[in-house]
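First to last, the protein sequences are chains A and L. Take the first sequence: its letters are residues 102 to 216, numbered as in the working numbering. Take the second sequence: its letters are residues 2 to 113, numbered as in the working numbering.
Everything labelled a hint here was simulated from the structure, so no lab data went into it. Don't take every hint at face value.
Here are the simulated DMTMM-like pairs of lysine to aspartate or glutamate, each with C-alpha atoms no more than 20 Å apart in a straight line [stated by the list, open to error]: (1) L:Lys105 - A:Asp186; (2) L:Lys42 - A:Asp172; (3) L:Lys42 - A:Asp186; (4) A:Lys180 - A:Glu160; (5) L:Lys4 - A:Glu160; (6) L:Lys57 - A:Glu204; (7) L:Lys58 - A:Glu204; (8) L:Lys94 - A:Glu204.
Not close to chain L: a few residues of chain A, all C-beta gaps over 12 Å, as computed [what the hints assert, rightly or not]: (9) Thr129; (10) Arg143; (11) Ser168; (12) Thr211.
DEER-style ranges, computed between Cβ atoms [as the list claims (entries may be wrong)]: (13) L:Leu10 - A:Thr111: 41 to 49 Å; (14) L:Glu16 - A:Asn164: 41 to 49 Å; (15) A:Thr111 - L:Asp3: 29 to 37 Å.
Glycine residues also receive a C-beta, built at the ideal position from the N, C-alpha and C atoms.
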Amino acid sequence: SQTIHQWPATLVQPVGSPLSLECTVEGTSNPNLYWYRQAAGRGLQLLFYSVGIGQISSEVPQNLSASRPQDRQFILSSKKLLLSDSGFYLCAWSAGTGRLNGELFFGSGTQLSVL
Amino acid sequence: EDKVVQSPLSLVVHEGDTVTLNCSYEVTNFRSLLWYKQEKKAPTFLFMLTSSGIEKKSGRLSSILDKKELFSILNITATQTGDSAVYLCAPLKGGSNYKLTFGKGTLLTVNP
Chain A
102 SQTIHQWPAT
112 LVQPVGSPLS
122 LECTVEGTSN
132 PNLYWYRQAA
142 GRGLQLLFYS
152 VGIGQISSEV
162 PQNLSASRPQ
172 DRQFILSSKK
182 LLLSDSGFYL
192 CAWSAGTGRL
202 NGELFFGSGT
212 QLSVL
Chain L
2 EDKVVQSPLS
12 LVVHEGDTVT
22 LNCSYEVTNF
32 RSLLWYKQEK
42 KAPTFLFMLT
52 SSGIEKKSGR
62 LSSILDKKEL
72 FSILNITATQ
82 TGDSAVYLCA
92 PLKGGSNYKL
102 TFGKGTLLTV
112 NP
């Protein structure tokens, strides 16, 4: 069966510090991978998605970047965090384009507080 | 620009009540609409609706899609305290990448 791991669960970082959140998927190959952010009282905002190794699409301009160094690994990074980067970050995967199923499977999320 | 509007934003009911949650959408290249339940952390999948007028049911939950009027509803009958959560709707765009655009959600609180 497929599983998705996301860590850390909670992170408190000072403004200007770097960020690295990691997400890995097991039990499937060539998944589509996604990073979402959820601010308090808001819906999920898509930040990045990837359909393959090294292929990253950014949905909104921002202070963050994403990378996919391996098929089932997705990393969210920042060189210098801003206060506005605080929020709940969710990694998700879906079956690759060969299958007609849009269902997303989410990791357990990272609560990031930038102080 | 894609738009997803959920109403109400929050709702407080008593156990045993029936609730109806609404989702209207405007997205290009619409493919289907998904409903998720988010209790604390990760949203969990409830339904995927692709065809108009066909009700999907899972226990006390049911949902239906109207592709002509661009909306969907999620019904919960005989609510329980365990139904308390944020309910998110998300239209799925077609194409090669299956992007979901989420609404802000409806916060449902079921009191005993």
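ask   = Using the C-beta atoms of Thr111 (chain A) and Asp3 (chain L), is the stated range 29 to 37 Å upheld?
value = holds, 31 Å
query = Holds or violated: Lys58 (chain L) with Glu204 (chain A), Cα cutoff 20 Å?
reply = It holds: about 17 Å lies between the C-alpha atoms, which stays within 20 Å.
ask   = Non-interface claim for Thr211 (chain A): all C-beta distances to chain L beyond 12 Å?
value = At about 10 Å from chain L, Thr211 (chain A) fails to clear the 12 Å cut-off, so the statement is violated.
query = Once the closest CB in chain L is found, is it more than 12 Å from Arg143 (chain A)?
reply = violated, 6 Å
query = Is 41 to 49 Å right for how far apart the beta carbons of Glu16 (chain L) and Asn164 (chain A) are?
reply = Holds, at about 44 Å.
request  = Please test the hint of 41 to 49 Å on the beta carbon pair from Leu10 (chain L) and Thr111 (chain A).
outcome  = Cβ of Leu10 (chain L) to Cβ of Thr111 (chain A): about 27 Å, so the range 41 to 49 Å is violated.
query = For Thr129 (chain A), is the shortest beta carbon distance to chain L beyond 12 Å?
reply = holds, 14 Å
inquiry  = Can you confirm whether the C-alpha distance between Lys42 (chain L) and Asp172 (chain A) stays at or below 20 Å?
reply    = Given pair Lys42 (chain L), Asp172 (chain A) is violated - Cα atoms ~25 Å apart, limit 20 Å.
ask   = Is it the case that Ser168 (chain A) keeps its Cβ farther than 12 Å from each residue Cβ in chain L?
value = holds, 17 Å
Agreement of Lys105 (chain L) and Asp186 (chain A) with the hint, judged by alpha carbon distance not exceeding 20 Å = holds, 18 Å
task = Verify the proposed pairing of Lys180 (chain A) with Glu160 (chain A), using a straight-line Cα cut of 20 Å.
result = holds, 19 Å
inquiry  = Lys4 (chain L) and Glu160 (chain A) were given as a pair; does the straight-line alpha-carbon distance stay at or below 20 Å?
reply    = holds, 15 Å
The structure fails hints 2, 10, 12, 13 (numbered hints given earlier, in ascending order).
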